[in-house]
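So the chains spell out like this:
8 protein chains.
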Amino acid sequence: ARQGVAECVYTPGKRPEEVVAIVAELLAHATGPVLATRADPDTAQAVLAAHPAGRYDPQARLLAWRPAPPRGFRLAVLTAGTADWPVAAEAAAVARAVGLEVDVYRDVGVAGLHRLLDCVDAVTAHHAVVVVAGMEGALASVVGGLVAHPVIAVPTSTGYGAGLEGVTALLAMLSSCAAGLTVVNIDSGFGAAMAAHRLATAMAAAAGPGGGPHRAGPAGAGGTGGAA
Amino acid sequence: ARQGVAECVYTPGKRPEEVVAIVAELLAHATGPVLATRADPDTAQAVLAAHPAGRYDPQARLLAWRPAPPRGFRLAVLTAGTADWPVAAEAAAVARAVGLEVDVYRDVGVAGLHRLLDCVDAVTAHHAVVVVAGMEGALASVVGGLVAHPVIAVPTSTGYGAGLEGVTALLAMLSSCAAGLTVVNIDSGFGAAMAAHRLATAMAAAAGPGGGPHRAGPAGAGGTGGAA
Amino acid sequence: ARQGVAECVYTPGKRPEEVVAIVAELLAHATGPVLATRADPDTAQAVLAAHPAGRYDPQARLLAWRPAPPRGFRLAVLTAGTADWPVAAEAAAVARAVGLEVDVYRDVGVAGLHRLLDCVDAVTAHHAVVVVAGMEGALASVVGGLVAHPVIAVPTSTGYGAGLEGVTALLAMLSSCAAGLTVVNIDSGFGAAMAAHRLATAMAAAAGPGGGPHRAGPAGAGGTGGAA
Amino acid sequence: ARQGVAECVYTPGKRPEEVVAIVAELLAHATGPVLATRADPDTAQAVLAAHPAGRYDPQARLLAWRPAPPRGFRLAVLTAGTADWPVAAEAAAVARAVGLEVDVYRDVGVAGLHRLLDCVDAVTAHHAVVVVAGMEGALASVVGGLVAHPVIAVPTSTGYGAGLEGVTALLAMLSSCAAGLTVVNIDSGFGAAMAAHRLATAMAAAAGPGGGPHRAGPAGAGGTGGAA
Amino acid sequence: ARQGVAECVYTPGKRPEEVVAIVAELLAHATGPVLATRADPDTAQAVLAAHPAGRYDPQARLLAWRPAPPRGFRLAVLTAGTADWPVAAEAAAVARAVGLEVDVYRDVGVAGLHRLLDCVDAVTAHHAVVVVAGMEGALASVVGGLVAHPVIAVPTSTGYGAGLEGVTALLAMLSSCAAGLTVVNIDSGFGAAMAAHRLATAMAAAAGPGGGPHRAGPAGAGGTGGAA
Amino acid sequence: ARQGVAECVYTPGKRPEEVVAIVAELLAHATGPVLATRADPDTAQAVLAAHPAGRYDPQARLLAWRPAPPRGFRLAVLTAGTADWPVAAEAAAVARAVGLEVDVYRDVGVAGLHRLLDCVDAVTAHHAVVVVAGMEGALASVVGGLVAHPVIAVPTSTGYGAGLEGVTALLAMLSSCAAGLTVVNIDSGFGAAMAAHRLATAMAAAAGPGGGPHRAGPAGAGGTGGAA
Amino acid sequence: ARQGVAECVYTPGKRPEEVVAIVAELLAHATGPVLATRADPDTAQAVLAAHPAGRYDPQARLLAWRPAPPRGFRLAVLTAGTADWPVAAEAAAVARAVGLEVDVYRDVGVAGLHRLLDCVDAVTAHHAVVVVAGMEGALASVVGGLVAHPVIAVPTSTGYGAGLEGVTALLAMLSSCAAGLTVVNIDSGFGAAMAAHRLATAMAAAAGPGGGPHRAGPAGAGGTGGAA
Amino acid sequence: ARQGVAECVYTPGKRPEEVVAIVAELLAHATGPVLATRADPDTAQAVLAAHPAGRYDPQARLLAWRPAPPRGFRLAVLTAGTADWPVAAEAAAVARAVGLEVDVYRDVGVAGLHRLLDCVDAVTAHHAVVVVAGMEGALASVVGGLVAHPVIAVPTSTGYGAGLEGVTALLAMLSSCAAGLTVVNIDSGFGAAMAAHRLATAMAAAAGPGGGPHRAGPAGAGGTGGAA
Ligand SMILES: Nc1ncnc2c1ncn2[C@@H]1O[C@H](COP(=O)(O)O)[C@@H](O)[C@H]1O
Ligand SMILES: Nc1ncnc2c1ncn2[C@@H]1O[C@H](COP(=O)(O)O)[C@@H](O)[C@H]1O
Ligand SMILES: Nc1ncnc2c1ncn2[C@@H]1O[C@H](COP(=O)(O)O)[C@@H](O)[C@H]1O
Ligand SMILES: Nc1ncnc2c1ncn2[C@@H]1O[C@H](COP(=O)(O)O)[C@@H](O)[C@H]1O
Ligand SMILES: [Mg+2]
Ligand SMILES: [Mg+2]
Ligand SMILES: [Mg+2]
Ligand SMILES: [Mg+2]
Ligand SMILES: [Mg+2]
Ligand SMILES: [Mg+2]
Ligand SMILES: [Mg+2]
Ligand SMILES: [Mg+2]
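Chains as they are written, first to last, in my numbering: chain A, 469 to 696; chain B, 469 to 696; chain C, 469 to 696; chain D, 469 to 696; chain E, 469 to 696; chain F, 469 to 696; chain G, 469 to 696; chain H, 469 to 696.
Among the hints, erroneous ones may be present.
[Said to hold, decoys possible] The calculated lysine-lysine pairs, modelled on DSBU-like cross-linking and capped at a C-alpha distance of 30 angstroms, are:
| no. | chain 1 | residue 1 | chain 2 | residue 2 |
| --- | --- | --- | --- | --- |
| 1 | C | K482 | E | K482 |
| 2 | F | K482 | G | K482 |
| 3 | C | K482 | A | K482 |
| 4 | D | K482 | F | K482 |
| 5 | B | K482 | G | K482 |
| 6 | E | K482 | H | K482 |
| 7 | A | K482 | H | K482 |
| 8 | D | K482 | B | K482 |
Hint data in this document are derived by calculation from the structure and do not stem from the laboratory.
Generate the whole structure from the sequences, applying the supplied hints.
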C-alpha cells in the first residue's frame, strides 16, 4: 500500500494470533496507518503485546498503529442518543487515525430539538457531518435539512421491536425527505469514517498544486488510496 | 347503533349496488353518521344517486351522510409533504363527519424545519394532533418532542424504493425516540380520525355531569360507540 | 423540565455508573418524576445505592424517583396471557409513576372469551384502556369492538415461530378490523403508559379553567410536557 | 382416479383451450368430480361451450362437472367481513362439489362480537368449521376458543398497509392462542374445502363397516383419494 | 373444564413456582388431563416435587397429569430427519396424553424416498397423519399426494441459512401442490396434537348415538372442549 | 467473443430499435449464437424484420440467431405443473440454442409421485437435470434424492399467497435435504440453461485431447466462454 | 432560497396544474435552479406550456429551469447495464442542472471486467464517482476497490426474482467489502446528484478565500444550501 | 449404499452417542466414505474414540472415515475474505473426502482486484470453481465473468447489519449479472462440495467406456450415488 493509506483488519471471528500475524504483515509491507476494528479488550491486549507501538481505544474498540498526521479536514460527528455512543466512538477514532480532525456532538436527538439547534452553528464550521442515530433515525433528516454539507448517516442497532436491529433506521435514512443524504451500513462507524476519508482525499487533491482532481492509482486491498 | 355513533363502509372491492344496499341498511337502522370511505368518483356518483342526502369529498374519497354536529374537540392535522395530502384529507373529512373541529397544517416536513416551528404555537391550541408523513416519517418524532399532546401518527405509502410502500415510515414511527406516540395503519386517515373520535368521546364523558369516565355500552359493528 | 413532566432513562446498554450520573443530573435539573426503565436487579441496586430516595419494581424493571401524585385519570390495563405480564407491569408502573390510577385485568385472552366478557363492565369505568397481548394479538380487536374508549395496543414478543418476536401481533393490531385502535412498539409498556399520560394531560387541560386545550410549551428531552 | 375423487385444474395462466383440453382428459379418465378453479367469466364461457355439462359459479369463480352426491358431512363456513366473501364462496362451492353440506355465516367479525355469539349454537351443529378472515384474522382465534371442532382457518388478502396482502392474517392465525387451529394458504378457499374433504373421507371410513380407519390407496395426481 | 378436556400450561418464561401454582389450580378445578409443555428438566423436577402424580417425558419436554384413556383414534406421526425428533416427540406425547393412539415413523424424508414408500401402507391404517419436517418441508407434499387422510403439517426450525428458522418450511407447506394439507405453527408439536384431538372429538361425536355432529359447549381457556 | 460463445440480450425495458441495434452489433462482432430473451411477440416481430435469419419461439419468448450445432450433451428438463411451462420452455430453448440436446418431462410434480417414478429411468440417461417447479418446489428435493446427476433447480413464481412470487420455492430449494442441489434465480430458465452450458463446456474439455480441464480465456461480456 | 440552491418538485402523484403552481412559486421566490423530477412527457409538456423557459430531458424525465453555471466539479457516472440507463440519466441531468460537469461511462458491469478496467484511468480524473447498478450491484464494490474517490452507489430496480425490486442491490452495496462506499435510495439518480452537489459545495467552500469550510446557513426547504 | 457414495451426518443438535451410533451403522452397511459435518472438537473426540479409523479436520469441523481415492477431478475453491475461511475449509475437506482434488485461493475478494486477476490462470486449470464470499458476495459475479467453468457460489454469513446473516450475499449471487452461476445455501461448504461431486460423477461417467451419460440407480439417503 501507499503513503497515507489505511489498512484495516476486522477482528471478530479471528483469533488473537491471527490478528497479530495480519497486523505484522501490514506493518511490514505498508507505510500508512494500520487499524484493527471491533477488538474486545482481551484481543486488544494480546495484539498490543506483540505490536506494542499501537494504541487501543476501548470505547471505539479500535487498535491503531502509525496514525496519520492531521490533514486539515474537520469532521462533525453527531449522536442522537447515549446508546449510539459506541458507534460514534468508532467513527471518531477511525477518522482521527486516518488524519481527520473530529468534533463530537452528543445526545442531540430530535425529541429535544433545542439541543440540536444550539449546536448547528458549530456543526456548520466543519467540512462534513456524520450523523449516528438508531431507533427511527430522524436526526439524519433534520440535520440534512439544516446544513448544506455532505452528510453521512450511520443507522445504529439501538432500540427494540419495530427497530428491527437497525434496519428501520437504515431504511428511514435512505428514504429521507432531505435531499442528498448518503448512508452506510448499520453500526458502521468504520464505514462512515472511511467515507469521510475519501472526501478528505478528494478535497486535498482538488486544493493541491494544479487544482485538479486526484488521480490516485488503484486503492490497496481494503484500503482507500490517496495521492502522495 | 346509538346516537352519535359513526357507521362506516369500506368501498374498495364492493360493487356500487352493494354499497348502496349497505348504506341503505345503515341509514335505516342507525341514527348517527354513515360514512363510505375510499370511494372513487364513479362509485360515489352511483351511491349518491340512490342516497342523495349525502356529500362526497373527492380529495378524501369520502361519502358522508348525517354528519355529527361539532363537539368542541379541536384536532390539528399536519402533513409532511404534498404527496401526503390525500391521506390527511381523509383524516380531516372523517374527523369532521364525526363532529370534530379540524385545522390542517400542510407541507411542514422536517427538511424545512422553520415552517414547522412557525406553526407549533397554533398546533398546541388543539386537543390532539394527527401527523401524516411518508418517506421516513420523521415529522412524527419531531412533533412528538415539541408538544405534550396526544399524537396519532399516520405513515403514508408515498416515496419509493427503501420506503417500502409505507412500511419504513410505519416502523420508524413505532420506533420513535419521542415517548408516547401512537400509530395507526399505513395510509389510514380513517383510523387516525377514529382514534381521535375515541379521545373526544372520552374527554366529553370526563367533562360531563359527574366528571367521571364514560361508561358506553359496546360499540356497534365497526363503530366507536359513545353515550349521549 | 417542568412541573409534572417525567424524565426517563433507558438503562440497557448503559453501565450502572452512567445511569447514576444521568439520574443525578435529572434529579437536580428537573422537578417531576425521574424514571429508569428496563433495569435489571443488579443495576437497580447499584443505582439505588447512589440515589436511595427511589423505588424499584422488579416485575416492571422500573426505578422511579419523585412519583407524581394521582391526577384523577383511571387507566385499565388488560393482558391476554401470563407471559404478557412483564410488559403490562411496566405499563402499570410507569403510568402510576406519572400520576395515573391503574387497574390491571390479567389473563383475559380471547381463547377464554367469558373471562373477558366478565370484566368489560369494570373496564368501561376507566378513561382509557391499554391492551397487552402477544401471539396473534386478537385481544386488541375484541376489546376495540367492545368499548368506545381510547385503546392503546401493546404487542408483545411472547410466542414463537410465526409470532416473529412480536411482529405478527404488531401487524395484526395495526390491521385490526376494530376502528380507531392505536398501537405502540413491541413490548413497550413504557410507550403505552406515556401515550396514556398524554391523554391524561390533554384531558386535565380541557377540564381546567377556561375549558380549552392545553397550551404546553415544548416537551423536555424524552419527556412529555404538561401544563403548569 | 377413483370413485368420488375430485380432479382440479387451476385456470390462471392457462389459455381457455388449454383448460378445455385438460378438462376433456380428466372427464374421460376419471369418474368423480372435475373442477376448474379461479375461472374468470370469459374462460368459464369458453370452457363450458366445449364441456356443457358443467356449471359455473361466478362468485366462487368455480367450474364444476359431475359434482359428488351429499355425504352427510356438514361444514360451517364463517366470514369476518364482506370483502372475504369471494374466498368463502370458493370454499363453499368446492366443498359442495365434493359432496359436503355447507352453511355459511357471513359478516360475523370480532368487531361486532354479538353477531358471532348469536350464531355459535348453529355453528356447533356442524362437523367442522372453516373461518375466512382478512386484516388481523382475529375471528379464527375467537372461534377456536368457542368450539371444540376442527377449525380450518383461511387468511384473506383483504385490507391494506400492515395487512401485507394477507401475510399478517396468515401469521396471526398460525400464532393463535387457541389450541389446535389449522391454517391453509392465503385466499385458498379451495384448500380449506379440500382439507374438509379429507376430514369427511376419514370420518366416513371410520363410521363404515368395521369401524376402522380408511385404507385408501395413493391419492391421484392432485386429487384427495376416497374410500372405495 | 369438562371431562376429557386438556388444560395446558406453556412453561417457558414462567418460574417453577408459578407453574406449580397454575398446575395446582388446574388439577383442582378441572377433571381432565393437565399438561405443561416445553418444560426443561429442572423445571420438571421442581413441579413434579409439588405434584408427584404427573409424569415427565424429557424428549417431548412434557409434564402430564391425569392422561386421558385411549379413545380409539389412531394417529401416525412422520418425521423427515433426526433433527425433527423433539417436535415429533412433543406431538406424540401430547396426543397420547389426550387419549389418542400414536405410531411414529422416523427419518422417512424425501431424499430417501424408498424408506417413505415402505411405510405408506402402515401409515394409511391410521385416522390422520402428522408430518414433521424442517429444511424445505417437502415431506408434507409427498405424503399429501400419497394418502387421502387429513394431513397436519408441522414445519420445524431445523436447518440453517435459507431455512430461516423454519419459515421456509412453513411457507412451503402452505404453498404445497398437494391439495388440502393443513399447517400449524413452526415447531408446534403441541398444536398438531391438539388439531388431531379436535378431529378425534368430531369423529367420536359423529360415531356416537344419533350419529350427528358433536354439540360441545364453548371450549375452556386454552382447552379443546369435548363431548358430554 | 469466441467460437461457440452465446451473446445474450435481455429485452424487457428496451425498445425494439434498441434491441435491433444491439443484435446487429453482436452479429457483426461475434461468431457464435446470439440470443434475445423475454421478447414479447411485437418486439420479436420488429427485431426479426431487421435480422430475418433468426427464429422466434413464442412459448420460450426467445429470439435466436446462429444456434450452435449439437455438442453431444443431453439435458433433461422436468416441470412440476402446467404453470411452470413457460420457464421450462425458456430453459429448453436457450439450451438448444447453445448446442445442448434437451428432453422435457412435463407435469411430474410430487403430488402425483407415480408419474415422476415412471420417468426416472429415462431421466438418468442424461448428463444433467434441470428441475422447474413453483409453489413449494418439492420436486427438486425428490429428484435430487433419486438421481446422482448434477441438478439445477429453477424456482418459479407460480402459485399465490404464501408462495411469495417464487421466493418460497427458492428458499425451499436452497434448504433442500437432498445434498448437492444447485439453484438459480426465480423464473430463470435462461440461467439454468447457461449453467448447463457451463457443465457441457467443462465436460467437452475434459473429454478432449489431453483429457485435462478446459483452459478457456476470460469469458466475453455476458457470455459463457468455451474452448476453441 | 439562496443563490445557487436547487428547489425540487417530485411530480408523481401531482396533477400538471399542481406542478405548474408549485414551479411558479419556486421561480418567483427563489433565484437558483428549479427542478421537477420524474415528469412523464404529458406532464412535462403541460408544465412547459406554462413555464416555457425550462427544458425537458425525456430520458432523465427531468424538467429544469435556470440551471446553475458550471462550478468546476467533475463527476463520473458509471452504469452496469443498459437497463440502468434511466436512473443514470436522472443523476447526470440533475447534477448538470446544479452546476456539475458530468461524464457517463455506460455498460461497464463486472461480467465484462475488461470494459471497466479500460475506463478506470478516465474515471479517476474526476472529483467523485456515482455508480448505478442493479441486479447484484457488484459494480460498486469493484469500483470502490479501484479508486480512492468518494463513491456514491445507486442501486436500481432492474432485474427480477431474487433482485427484489432493487432491495438486493441496495443491501449488497451497504454490505460492500470496499471500505467507505456511501449509498442512496433505490433508483434515486436524484439523490446521488444531490449528494454530489453537497460534495461540490463543500469543496468550493474549502477552496475559497480563507480556505476554511463553508458556513452556509440552514438549507431551504428541500434544497441543499450553498455558499454565499 | 454403493461403492463411492458418501454417507453424511449433520452433527449439530445430536448428542455424541447419537452420532456414534449413526456412524456405526453407516460404516457397517455402506462401503464408501462416511462423513460427520459441523462437529465441534468435543463431539469429534468422543466420536473418534468409538470409531478411531476416522480423521478430524478442526477448521472444516469435519469427521471423515474411508475417504474416496482421487478421481482426477480438480476443483478450485476461492474465498473473498479471511472470515470466509471456515466455510471454504468445509467445502475443501468434504470435496477431498469424496475423491476430488482441491486447490484453495484465499483472500481474493474484489476490493483488491489485482490479487484475483493474479490467480485467474491457475483457477482456469481446474474443472470447476467454488466461490465462497460473504458481505455482498461480489466475488461470484466477477469470477463468473472471468471463467467459462461451472461456478458454484456459496454465500457466507460473515458481515453485519445489512448483510442480514448471509441473506444479502445469497440474493446477490442469485441475481448476478454473470450468466449461469449456480448457488447453494448460506455457509454450505458441504453443499458446494456435494454439487461438485455430482459434476465429477457425471464427468467420469461421460468419459467412461461407451462415453454415454451415467445411469446411476437412485442415490442413497442423503448420498449422491455414482456409477461403479
Ligand atoms: N468495522 C468494520 N466494518 C466494516 N468493514 C470493515 C471493518 N473493519 C475492517 N473492515 C473491512 O474488512 C476487510 C478486511 O476483512 P478481513 O479480511 O476479514 O479482515 C477490509 O476490506 C476492511 O475494509
Ligand atoms: N384454487 C387453487 N388453489 C390452490 N391449488 C389449486 C387450486 N386449484 C387447483 N389447485 C391445485 O393445482 C394443481 C393443478 O395445477 P395445474 O397442473 O397447474 O393445473 C392440483 O394439484 C390442484 O390440487
Ligand atoms: N432472461 C435473462 N435472465 C437473466 N439475465 C439475462 C437474461 N437474458 C440476458 N441476460 C443477461 O443480461 C445481460 C445483458 O443485460 P443488458 O445489457 O441489460 O441487455 C447479459 O449479462 C446476459 O447474460
Ligand atoms: N426524484 C426524487 N427522488 C427523491 N426525492 C425527490 C425527488 N424529486 C424531489 N424530491 C424531494 O421531494 C421533496 C418535495 O416533495 P413534494 O413536496 O411532494 O414535491 C423535496 O424535499 C425534494 O428534495
Ligand atoms: Mg434516534
Ligand atoms: Mg415525511
Ligand atoms: Mg394473545
Ligand atoms: Mg378480519
Ligand atoms: Mg425436511
Ligand atoms: Mg411445485
Ligand atoms: Mg449490476
Ligand atoms: Mg465478499
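To see whether the hints hold, each was checked on the structure:
Only pairs whose Cα atoms come within 30 angstroms are accepted, and C/K482 paired with E/K482 is accepted, the gap being roughly 27 angstroms. The hinted pair formed by F/K482 and G/K482 meets the criterion: a straight-line CA distance of about 27 angstroms does not exceed 30 angstroms. With a C-alpha separation of about 27 angstroms, the suggested pair C/K482 and A/K482 falls inside the 30 angstroms cut-off, and the hint holds. Of the pairs offered as hints, the one joining D/K482 and F/K482 holds, with about 27 angstroms between alpha carbons and a cut-off of 30 angstroms not exceeded.
Our distance criterion of 30 angstroms between C-alpha atoms is met by B/K482 and G/K482, whose separation comes to about 27 angstroms. Straight-line distance between C-alpha atoms of E/K482 and H/K482 comes to about 27 angstroms, which keeps the hinted pair within the 30 angstroms bound. Between A/K482 and H/K482 the CA atoms are separated by roughly 27 angstroms; this keeps the pair inside 30 angstroms, and the hint holds. With a C-alpha separation of about 27 angstroms, the suggested pair D/K482 and B/K482 falls inside the 30 angstroms cut-off, and the hint holds.
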